[in-house]
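There are 4 protein chains.
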Amino acid sequence: MTLKEQYINIRSHTETLCKPLRNEDYVSQPVYFASPPKWHLAHLTWFFEEFVVKTFKKDYQVINAQFNFLFNSYYNHAGKRVQRSNRGGIIRPTVEEVFEYRKYIDEVMLDLIDTLDDPVFKELVILGLNHEQQHQELFMTDLKHTWGHSPTWPIYDQKADLVNSPCGKLGSVKINEGLYKIGYNGDGFCFDNELGRHQVYLNSFEISTALISNAEFIEFIQDGGYQNFNCWLDEGWTWINEQDVQAPLYWIKQDDQWWNYTLAGLKPVQYGAAVCHLSFFEAWAFAEWSGKRLPTEFEWEVAADQFDWGTRWEWTNSAYLPYPNFKKAPGAIGEYNGKFMINQMVLRGASVVTALNHSRKTYRNFFHPPERWQFTGLRIANDI
Amino acid sequence: MTLKEQYINIRSHTETLCKPLRNEDYVSQPVYFASPPKWHLAHLTWFFEEFVVKTFKKDYQVINAQFNFLFNSYYNHAGKRVQRSNRGGIIRPTVEEVFEYRKYIDEVMLDLIDTLDDPVFKELVILGLNHEQQHQELFMTDLKHTWGHSPTWPIYDQKADLVNSPCGKLGSVKINEGLYKIGYNGDGFCFDNELGRHQVYLNSFEISTALISNAEFIEFIQDGGYQNFNCWLDEGWTWINEQDVQAPLYWIKQDDQWWNYTLAGLKPVQYGAAVCHLSFFEAWAFAEWSGKRLPTEFEWEVAADQFDWGTRWEWTNSAYLPYPNFKKAPGAIGEYNGKFMINQMVLRGASVVTALNHSRKTYRNFFHPPERWQFTGLRIANDI
Amino acid sequence: MTLKEQYINIRSHTETLCKPLRNEDYVSQPVYFASPPKWHLAHLTWFFEEFVVKTFKKDYQVINAQFNFLFNSYYNHAGKRVQRSNRGGIIRPTVEEVFEYRKYIDEVMLDLIDTLDDPVFKELVILGLNHEQQHQELFMTDLKHTWGHSPTWPIYDQKADLVNSPCGKLGSVKINEGLYKIGYNGDGFCFDNELGRHQVYLNSFEISTALISNAEFIEFIQDGGYQNFNCWLDEGWTWINEQDVQAPLYWIKQDDQWWNYTLAGLKPVQYGAAVCHLSFFEAWAFAEWSGKRLPTEFEWEVAADQFDWGTRWEWTNSAYLPYPNFKKAPGAIGEYNGKFMINQMVLRGASVVTALNHSRKTYRNFFHPPERWQFTGLRIANDI
Amino acid sequence: MTLKEQYINIRSHTETLCKPLRNEDYVSQPVYFASPPKWHLAHLTWFFEEFVVKTFKKDYQVINAQFNFLFNSYYNHAGKRVQRSNRGGIIRPTVEEVFEYRKYIDEVMLDLIDTLDDPVFKELVILGLNHEQQHQELFMTDLKHTWGHSPTWPIYDQKADLVNSPCGKLGSVKINEGLYKIGYNGDGFCFDNELGRHQVYLNSFEISTALISNAEFIEFIQDGGYQNFNCWLDEGWTWINEQDVQAPLYWIKQDDQWWNYTLAGLKPVQYGAAVCHLSFFEAWAFAEWSGKRLPTEFEWEVAADQFDWGTRWEWTNSAYLPYPNFKKAPGAIGEYNGKFMINQMVLRGASVVTALNHSRKTYRNFFHPPERWQFTGLRIANDI
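Chains as they are written, first to last, in my numbering: chain A, 1 to 384; chain B, 1 to 384; chain C, 1 to 384; chain D, 1 to 384.
Take these hints with a grain of salt, some might be off.
Identical copies go unnamed one by one, so any copy, or any two together, can satisfy a pair.
[Said to hold, decoys possible] No more than 20 Å apart at the CA atoms, straight line, and that leaves these computed lysine to any residue pairs for SDA-like:
id : residue 1 : residue 2
1  : 103       : 335
2  : 181       : 199
3  : 57        : 15
4  : 253       : 298
5  : 361       : 226
6  : 181       : 298
7  : 267       : 244
8  : 181       : 201
9  : 80        : 134
10 : 327       : 126
11 : 328       : 289
12 : 253       : 241
13 : 292       : 340
No lab work stands behind these hints: they were computed from the structure.
Throw the hints in and build the complete structure from the sequences for me.
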């Protein structure tokens, strides 16, 4: 695919995701961390405007001077911005105007792609497209959170519940003690946090080829896992007690049966599917209860070729920290990843709402230990 | 006007207020106390459904069993409800469905009005219409709050800023010491909190015939009123310091000039207009600074025939408490007023967004001391 | 008693209250509103130093320049001060040094009392003594709060539980409709908030001669009073649910029996004693449940000669607001009362820890509706 | 030294630390994380009582059945306990009673040491002594926090400011790429988190032989380090802005000169001393500003023999996570370390208030990124 085709495809996929939405669905933001669809949509256009168009388009005229303030996410280099928790308060521009903004920038972008032969430009376009794909996933998980916390549990697509993914083949893989290479190694795109390919020494370990299933997780619940402090990290124990957490996110019990909110509405929890919407704390607790442990991100990466993965983000017991020789890019782009390397845990794999080309075994996703609105699950490992 | 005409007129006025809105304007709720338009709209229909239709319409079929949970405001008798702060999270029903709900109930109501000759029914219809009119005002003040805190300051109606109301004739009125009657006395509708007409003994006092103007309030600001603890109640002083309050709500200073957000957009503050959007604390502080005081609600009511009033809610120095012989109605209707008689101060008068027939001198409005998103101002009084 | 005798007696009573304390009891402040004993002790001396000694003692040398910052309570005129919530963090001066400070100022004060014949001086000394007596009560109620929330429920005085006070004679008094005089009228000391003697018109009412007993309050509890929204003001209902309030402060249920923490330790609740440690919300709810209401402060004052009162502060349904012609004194003394006239309700009567000469029927005590660490109870009234 | 001598020495050192305290210094707890001296003192005795005496002393009679509830820190296995934030509310037992408790348990312990020859017993005694030594450090840092936030900045020991420690020899050490062994390897005591000796592969790096000095840190401040978002992790930037952090803890600027509160009172900051009381965020920011980085805990451990260390806890860029083969002990002892392995960063080295035998290069200390009331500093490293 040419860059132009990629641009058109990926940008158009974002619009496809918007199809089921009414205009009134674009704005509400009941919790600070789940941005409304209108904001995602405008921010994705802003990213190209701010980091590509303003640099490469001669005599570029901004469509609206306020958009930089409204739709900058977290780039201090790009100036002041609306607080994350206030994105739902952005009454104007209207949805229609946000689509016009999109069209305006797309025209400029396509013209630049046709006419510019600059490797820096191309690199930034590719970054912007990868950025857009990351937000496509967030668009869906944020929407699910907002809708899943709405008292009427709206339906996004009756045909796609998006949670009944298989666990993979039962069994385990053994990996011998030794030195292994970690980090991205190839010609394609990757994020800066995957670079700095380096060696790590691993002790021998065994890792499951299957994700933990809903049936297994229900066993944990029924065995009193959420009431047994022995299973929990201290901050996890505090968290479940303060937040009254007693099951994965979106699960409710009705008539002695587990149901869960999905984007196809309220559905019975499927026993054979991979458990979903766990926090790190819950994943860790399950592993502890099972007598095993979470793999590290390095163990996961080394073993990943030997099992199927890709419909859950899998919590690892590795903190999100820089690889040796990690380099922060200068300027705003340097804020993309590096400044978040604290207090977050690494997830490996990919989810059902992850863009296909984001499914690479070196990809490092990261969230805070209590967060669970992504499509997160786990597999377990143990020392041997 | 017949009851039917009243019903049609008042209900249709609510829809008129919605005219300038796009669908995406109906849902956001950035702060807990300012409900979104969709919720107001549905709640007003719910009020008739819950308190009239369900009682008087035989074999009534609810259009949606969840609406009682979604659109009950604060009536414990009517069952559980969505928390006030979560009204912005009600994704469904859509705006269209809320209008359909309105139409559905209106048809039932009009049929009942045509066919029923029951004084209890009529009383409840009239209460529902007065309720709707109160919400028409809240609809506007909540909208102004949401839009006025949006970074782009949207315009509702370019021709109606709604704040440049005159102060009234300069001067003052003297009232002699003596016994006066307080409370509603007539045949028309009034709220239960106006009843219990009773005598109060007033000392002699003087009250201004004009509201305080923006020019006067700017003088207070320029004299350091917001920095002078002598002007403030202790809780007011804490409030302005914690919230960093330095001017009336919606005011901002640009290039040494005061501007304010209005529903017609950002406009210069007009010196001659009555000051607007003050908290009780600010009104009290201004009065203290001026060497006078706020009137009590009884002084206001006794003197009200002798000055023009009606474009500002005027803070009084009376707490919102029951009149002698106040009676709480049985059941849900008893929750309308009585349970709020604590920690609030009485406002008298009426604002530019108050329904005309709510402009009666015995009407008791009430808000908490720091609240100022209503169209609030003050006039001053003194002992003589 | 001469002024000197009064000074010696009242000051020495404060020291008597300290007798049962160990040094380590003087400093802890687990909640912001209950000041530690060391702070009370030092503040009382500071009051005389700041408002009397600094004005009337020539060439006065302060014992420690920091004490004004440390022991000023809320007088903005006296300069900056430690935040109320941080009083427990005042490690130094030691308890011994605070007693030395006391002795130092007492010597100056006694010398001034002997030598000065200035009415302004005398007035301030009397104010300081009344202030000290108010704090003697707070000293005890704050101590009870701190100790009553300590896991080991320490004993202050095994012989004095201080809560088993009688309710008074059963029955009621009827007062006829008419004009009554309200406010202090005499030659002795009173606070500024009692002045401005004025007429009020009262409707006929009946008021109980007895306080509500523990037995009656237990009946309210057993009838589900704390679970019945009909009994509560809206903010009261929110308060009991958010704070999980199910009984008066210090009450706990053990083996189906009510106990309460007293300054003599944990004791069974005595059925015949007057109920104690109620918030305004609970007092209001009880009255509502009983089918009657709280009296207003005016009703209470008018009827007070016809019943015994004085071992409970009695909640009234009057907001704490200025009387007509209320005058704020100039300077710091003006901050004593007036600036608190918002969001508080008036209590009349006196408690078992109130100084005797504070037991006058015009005395206006005031607290916020949820507060209940004073020795508070209620009597009920009704319209006739 | 025999176990008995060790026991006597270490226990007696705790009492030595108490010498400068008045009884009223033992109880205040202005912030939840800094426990009061009385609590530390009692908790240390409780540790021996709960984990040793109750197991090994036949027919042991507890001195007070409440002490387990009062003085258990965080052991869920040992039952319910006072919340950490409420330790300052433990009015009783008195200081005297806490010393009696100490004496009571010491007698039992010394008798057991004399008579028991059980390796499990000895292991637990040694753990208890190491625990006591850890708390000796916390006793001092908690005291410094409480006193350093008191408005009068009390003095603990005029001769020991405890912060003017040297930085060590200027220069750097280079370590070659390769496999290194990490973790404790010896016969003495170590904590479970140091075990699981294992290999790690390190890239070549260089590490400074000197700690960062106050002079260097002042240069960072003067260069606008606290105002430059480029230097900070995102959560660090939020933290300094929300908390208004502009210098290390205890520093204040007076007359254009930096002073800091020390346990000897307020003193000028010494330029040549090692910077102290930094959070991880500040240490990270300094390193970023300097163009280098923090070492990992593995780099630190491998290089530690080649530089002097030991008067600062040094922040590393390693998250506190288990080593391979980490084993949690069964029962309460298993709660000692493992359950805290989330959201904390590792510190290596030792401080001036660390017990001598806790200064081993494999020791893993850990705190949350914003915490800085320990004696924390940094050295820097870089890739080569």
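Here is what the structure says about each hint:
Neither within a single protomer nor between protomers do residue 103 and residue 335 lie at most 20 Å apart by alpha-carbon distance, with minima of 27 Å and 52 Å respectively. In the homo-oligomer, the alpha carbons of residue 181 and residue 199 lie at most 20 Å apart both inside one protomer (4 Å) and across protomers (15 Å), since each shortest distance falls under that limit. In the homo-oligomer, the alpha carbons of residue 57 and residue 15 never lie at most 20 Å apart, since the shortest distance is 24 Å inside one protomer and 46 Å across protomers. Taking identical chains as interchangeable, the C-alpha atoms of residue 253 and residue 298 are never at most 20 Å apart, the minima being 37 Å within one chain and 47 Å between chains.
Proximity of residue 361 to residue 226 under the C-alpha cut-off of 20 Å is found in neither arrangement, the shortest distances being 32 Å within a copy and 38 Å between copies. In this assembly of identical chains, residue 181 and residue 298 lie within 20 Å of each other by CA distance both inside one copy and across copies; the values are 9 Å within and 18 Å between. Proximity of residue 267 to residue 244 under the C-alpha cut-off of 20 Å is found in neither arrangement, the shortest distances being 22 Å within a copy and 35 Å between copies. Taking the shortest alpha-carbon separations for residue 181 and residue 201, both the intra-copy value of 9 Å and the inter-copy value of 11 Å come in at or below 20 Å.
In this assembly of identical chains, the alpha carbons of residue 80 and residue 134 never lie at most 20 Å apart, being 23 Å within a copy and 39 Å across copies at closest. When the C-alpha separation of residue 327 and residue 126 is checked against a cutoff of 20 Å, the pair qualifies only within one copy, where the shortest distance is 19 Å, while the shortest distance between copies is 45 Å. Only between protomers do residue 328 and residue 289 lie at most 20 Å apart by alpha-carbon distance; the minimum there is 13 Å, versus 39 Å within a single protomer. Proximity of residue 253 and residue 241 under a CA criterion of 20 Å is satisfied intra-copy only: 18 Å inside one chain copy versus 25 Å between copies.
In this assembly of identical chains, the alpha carbons of residue 292 and residue 340 lie at most 20 Å apart only when taken from different copies (18 Å versus 29 Å within one copy).
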